[in-house]
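There are 2 protein chains.
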Amino acid sequence: MGTRRDVLGGIGVGLAAGALGGAAWAQGKRKLGYAVVGLGSYAVNQIMPRLKDCEFAELKALVSGTPAKLEKYGAEYGIPKTHWYNYQTYDRIRDNPDIDIVYVILPNSLHAEYAIRASQAGKHVLCEKPMATSVAEGQAMIAAAKKAGKKLMIGYRSRFEPYNLKAIETVKSGALGKPTLIFAEHGFPISPNQWRLDRPLSGGGSLMDIGIYSLNAARYLAGTEPLEVSAMEATDRKDPRFKTVEDRIDFQLRFPNQLIANCVSSYSSAHNAYRVTGSKGWVGLDPATPYAGQQMWTRIGGKVEQVELPKPAKNQFVEMLDHLPECIASGREPIVAGEEGLRDMRLIEAIYRSAREHRAITLA
Amino acid sequence: MGTRRDVLGGIGVGLAAGALGGAAWAQGKRKLGYAVVGLGSYAVNQIMPRLKDCEFAELKALVSGTPAKLEKYGAEYGIPKTHWYNYQTYDRIRDNPDIDIVYVILPNSLHAEYAIRASQAGKHVLCEKPMATSVAEGQAMIAAAKKAGKKLMIGYRSRFEPYNLKAIETVKSGALGKPTLIFAEHGFPISPNQWRLDRPLSGGGSLMDIGIYSLNAARYLAGTEPLEVSAMEATDRKDPRFKTVEDRIDFQLRFPNQLIANCVSSYSSAHNAYRVTGSKGWVGLDPATPYAGQQMWTRIGGKVEQVELPKPAKNQFVEMLDHLPECIASGREPIVAGEEGLRDMRLIEAIYRSAREHRAITLA
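Chains as they are written, first to last, in this note's numbering: chain A, 647 to 1010; chain B, 647 to 1010.
Wrong hints could be hidden among the right ones.
What the hints assert, rightly or not - Keeping only pairs whose Cα atoms sit at most 25 angstroms apart, straight-line, the calculated DSS-like set for lysine-lysine is:
1. B/K926 with A/K818
2. A/K889 with B/K792
3. B/K824 with B/K926
4. B/K884 with A/K926
5. B/K949 with B/K824
6. A/K884 with B/K926
7. A/K884 with B/K818
8. A/K824 with B/K884
9. A/K824 with B/K889
10. B/K889 with A/K926
11. A/K889 with B/K884
Everything labelled a hint here was simulated from the structure, so no lab data went into it.
With the sequences and hints as input, model every part of the structure.
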C-alpha cells in the first residue's frame, strides 16, 4: 500500500483549513445543506446546535424513525416537512437539492448501510466514528463514495480541536526530543440499557465507543502507523451490562522508531487523558478529548507548565462541520477521510484478535 | 503452590513492624551487625549513612575489591581493619561474630554467588533487587538460606515507605470501589559506560533495574498475583548504550477479577509514578518510589485531593534495615523475603519471553 508508515498527511490542516476555505468560499455562495440521520442525544445536543454557528454549512433536513422527533426538531430548527425523512423514505433524499451532505449519527452497525445509501443518492457523507463495525463495511463505504464521485469523511472532532492540534505540533516540533512513549486512556462507567451494550447494534464494547479515542489519539500523536498491536481484555461477564460486549480492553501499539503506545479503553471507570513522553520531556492533555474544557501541560527541561491557548473562533464541532463543505468547494480530501476511519477499523479488528488469541498481531 | 493468587501476606506490616519489633527487642540487647558487600554509589550514599540511624542494626564490616574504598569508608565509619574484606577473603566472614547480616549490593549477576556464600558462612542475607538474574539463581539463594537456617530478605525499600503503604491501604479499604486498572511507569535516561548496560553484569536492561519498580508496585497494589503477562520491547540497537541490554519494555499484567496493569520500563525517558483506578476513583503517587519526596493524590467522589502524611520516625531505608534484625529477633519472615524476590524473577522471565515470542504468557 505504501501509506502505512507515512506520516498522516493532513495533520495540522484543521486549523489552517478555516483560513484557506474562507478565502476559497466565493462571496455570496450558499451554505451547503446537512441532513442529520438519527436524532439521538449526540445529534440533538452537540451537532444540530453547532450547525447554527457554521460559516459554510447549515441544517437542511432531518431523518428519524420517530415522528415526534421530526415534529419537535423540525419546529425548533425551522425545517419544513418536505425535508423530513424516515427510514422508509430515506432514499428520496436524492431528489432534494437542498441536501449536500448526509451526517450519519446512528448506532455503529447502521453506519455502513446509511452511508452507502447516501452515496448512492449522490450525497457527500459525514459519518460518526467508528466508521463501521468491520473493515469490510468500511471498504464498501469508501467504494460507494468513490463510485458516486462524492466525499466521505469520518467525525473525528478532536482533529479540529486546538489543544489536540497543539499537542500534535509539540511532538512534531522536536521539543520533546525523540518520542518514546504514548499513554492514552479513555473510559467512563457506562449506564445499563442502551444500544452501545447491544453487540448487534454496537459491533463491540468500549473499544468501539470510547477506546477509539485512545487509538486515534495514539496515531495522530505518533504521526505514523503502528507495526504491531497487542491487547488484553478484562470483562466481568456476570455484570449485566457486559453480556454481549467487552468492558475493558487495554492495548499496546508499536510504532516505528521505538515508539510504544499504552492505551486504555474502559466502560467501568472514568478516563480521558493522554501524554506523549520523549527523551527531553512530555506533553499531556487531561482531559484530552471532551466536548470542551481541554487542559494541557508540558514538561520540557524539567519544568511543568500549563499551556493555555486563545479561544478559537470556531469550536471543534463547527470546525469539523465546516471542513467538509470547504473540502467539497476546494476539491481537497478531508483530513479525516474514509481511509482514516478504515485505518482505525483495521486496528480495532487486530486489537480484538490479539486479545482473543493471546498474541501480538503484526500489521500487514 | 497455592500461594499464587493469595493476597500478599505481609502487606502493611512494614509500618507496624517498628512498634512490634521495638517491644520485642530486649532492653540493652546489642544491635545486629551488617556487612555491606560492594561499596558502590547506592551503598555509600544511601545505605551506609542510614545504618547510623537504625535502632536495631549497625554497620560492622565492609567488603570491597578496592583497597582505597576500604581505607576511606573504614576511617569514615570507624570500622577496624579486622572487619575489612575483599572478594578473596570474603568467606572468612564466617569467623567474625560481629557480622550478623550481609547486605549484597553488587551488580545483579553477582547477587546469587555472594548471597549463597553468605548463607554458607552462617549469615543472614539482605540482597538488593532484582534478587538475581534468573529464577534458577533465585531458587538456589532461597535453598542456601534455608539450609543454613538463616533469613533471606530482598531490598524492596518501597514496602517500608509510608505513601506506598497508604496507597496499598487505600486500594484494600475499598475506597476506590473495585480496582480495574493500574498504571505504573518507571524510567530514567541512563548515562553510558556503566555495569547496568553490560548484560554479563546486569542480566538485562531497564526491566532489571528500574522497570522492576513498576512490576513490584503493580503486585503490591493489586494485592494478588498476575495470571497472564504480555510485553512489547523497544530498543534502538544503534544507540551505543543498548548494545547488550534492552532500553524499553512495556508490559501488561492481568490480575484476578478483571484488574489489568499497564506498566512502563524505560532507560531513555524519565518516569516515576503509578495510579490505581477503581469504579469509584483513583489513588496515585508521582513521584512514587524515589529515595524521598513522594507525592500522593486521590480522586474519590470526583474531587482530586493531595494526601499528606506525617513525617515518619524512620525513613524507608531505616525501616528496611531495621526490619531484618526485628525478624531475626522475633522469628518472623521478612515481608519481602526471598520468595517475594522470586515472584518478580518469574515475572521478569515471562515478560522477556512474551516480548521475544510476541505472545501473552500464562503464568503457571
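Checked hints:
Straight-line distance between C-alpha atoms of B/K926 and A/K818 comes to about 37 angstroms, which puts the hinted pair past the 25 angstroms bound. Only pairs whose Cα atoms come within 25 angstroms are accepted, and A/K889 paired with B/K792 is rejected, the gap being roughly 50 angstroms. Distance hint between B/K824 and B/K926 is fulfilled; the C-alpha atoms sit about 8 angstroms from each other, no more than 25 angstroms. Using a Cα cut-off of 25 angstroms, the hinted pair B/K884 and A/K926 holds, with the two alpha carbons roughly 19 angstroms apart.
Under the criterion of a C-alpha separation no larger than 25 angstroms, the hint pairing B/K949 with B/K824 is consistent with the structure, at around 18 angstroms. Our distance criterion of 25 angstroms between C-alpha atoms is met by A/K884 and B/K926, whose separation comes to about 19 angstroms. Between A/K884 and B/K818, the direct Cα distance comes to roughly 22 angstroms. Compliance with the 25 angstroms bound is thereby established for this hinted pair. With a C-alpha separation of about 14 angstroms, the suggested pairing of A/K824 with B/K884 holds against the 25 angstroms cut-off.
For the proposed pair A/K824 and B/K889, the alpha carbon gap of about 19 angstroms is at most 25 angstroms, so the pair holds. Restraint check for B/K889 and A/K926: satisfied, since their Cα atoms lie roughly 22 angstroms apart, inside the 25 angstroms limit. A hinted pair counts as satisfied when its Cα atoms are at most 25 angstroms apart, and A/K889 with B/K884 does not qualify at roughly 48 angstroms.
This entry does not satisfy hints 1, 2, 11, going by the numbered hints stated previously.
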